[in-house]
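Asks: Chain by chain, the residues:
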Amino acid sequence: MSVAVVAERMGVHFFFDRQNRVVTPALARLRRRGSDAWGIRDISFSVTGGEGIALLGASGAGKTTLLRTVAGVFTPDAGRVEVRGRVASLLSVDAGLMETLTGRENCALLGVLAGLSRRRARHSLAAVQARTELGDAFDHPVSSYSQGMRARLGFAIAELVEPQVLLLDEVHEALDHEFRVLVEERAHRILRDGGIVIAAGHDHSLLERLCGRALLLGGSTIAADGDFGRVLQAYVA
Amino acid sequence: MPSTTEASPGRAIDVLVVLTESDLRTRYGRGPWQLVKWLVDPFALVGVYLLLVTFILRRPGDAPGLSLACAVVPFQLVMMTVINAMGAVQLRGSIIRNMAFDRVLIPVSSALTEAIAFAASFVLFAVLMGAYGIRLTRALLWLPFVILLTIVFAIACAFVASLLIGLWFRDLRPFAMSFVRALFFLAPGLVPISEIGGRAQTLVKVNPFTGLFESYRSVVVEGHRPAGWQLGIPLAWAAVLIAVALPTYVREQKQFAKVVE
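Sequences listed follow chains P and E, in order.
Each step along the first sequence adds one to the number in the working numbering, with nothing skipped, and position 188 is 188.
Each step along the second sequence adds one to the number in the working numbering, with nothing skipped, and position 261 is 261.
In case anyone wonders, no lab produced these hints; they're calculated from the structure.
Some hints here could point you the wrong way.
Stretches of chain E that chain P covers, calculated by requiring three or more beta carbons in the stretch to come under 8 Å of a beta carbon on chain P [claimed, not checked]:
id: 1; segment: 16-29
id: 2; segment: 213-227
id: 3; segment: 250-259
Keep in mind it's a predicted model, so treat the numbers as computed, not measured.
We put the CB at the ideal spot given by N, CA and C, even for glycine.
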């Protein structure tokens, strides 16, 4: 099975109530009054193994929504997305960690949710502790962690599934140099092994090193798709 | 739909177990006091009713404290499940926003968490049976079925609570809790159904808690197997609630990541 991400006319629709809170479509139908907006609309692209693709665009253009849909966190309300390969994502600084649980407990929980069996998740605990260099903090509640510690733990857990598709959403940009080097090195390895990296952000030099291709998002849809340099030029022009 | 794993019963069990474990950790913490808290927690919740009935109201009848425990223990299990389920989706907001997994398991996990949490309260039955000199009978073999029925009913309530209050009408949380509490008092909670007369006795049987309470009393206090209606009515309610709530929940769970805060 070859690694691929294919989106066809994909759209994600948001509904809001009168207080501008996001509500589900069913509740929006019940309440009637409110508004709606497409987070992304008519998105079509395909990525094959070995390809890195950057998502460019202003804040609110739909980069995060697109990444979350590829990650399976959002289900498309229109069109479809097909992802072939094991997916790992770093979509926010908290990386899905639960504040009240320790690093170890989060690892056991998120490892299983990411796709491991309970036994494999348990066996991976020591490796994650070593890789994150959290030491004793691994048994402390995550609420006591810095952003960097959370990101290191979240990324180490994401790596447990040996991802073939890696999704990065600006998170790596907000963190220390060592972490950025680590993420970049892992992303290059995934690409070398025939995987896919999809990364959103504003650190264009980092994105250029990872991605030969870029999608420019504007008005919730794809405004340009092509060679990274050409699309970046279109964006900053 | 992107996924990292194939759906399978084994996978569902793994996810259910880790969701429940994390819920229990959140609720009871960790360390040596965890076990003590687990043992004492249900006694503290049930104890106030026991004090009220046995010492203040001084209810007559057979083993009034045990009869009351037969109502309060299953009621607290359902009540705590409803409370847990109302906040379960929001509590797991961070994982819902970041990871793809079967969110249908969240209400089931709420019920399992509370079932484990309340397992300690079944020690009450043993203590009170000893105190009132109630003999052990073969009817006690029905107890696992009655407990299972309670958990199934709690799961059904969890889907409704999670969907209606946890997701759609969060402002109605206090009302929902009052509603469930009212159902306790509209059922033979403080007194057995035999002490309710006339048309009221027929009416309270419609309340699913009536069948649950009376089936515990049949098995634990009276030493005979539960009557058909005692098991059938709560089971029918559970089936109806699941039939109504589950398809909607399955549809709505695809939207969870958009609406969690």
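Asks: Now tell me, hint by hint, if it's right for this structure.
Replies: To see whether the hints hold, each was checked on the structure:
1. 16-29: Three-residue rule met by the segment 16-29 of chain E, so holds; n is 7.
2. 213-227: With 0 residues in contact (Cβ-Cβ under 8 Å with chain P), the coverage given for the segment 213-227 of chain E is violated.
3. 250-259: With 7 residues in contact (Cβ-Cβ under 8 Å with chain P), the coverage given for the segment 250-259 of chain E holds.
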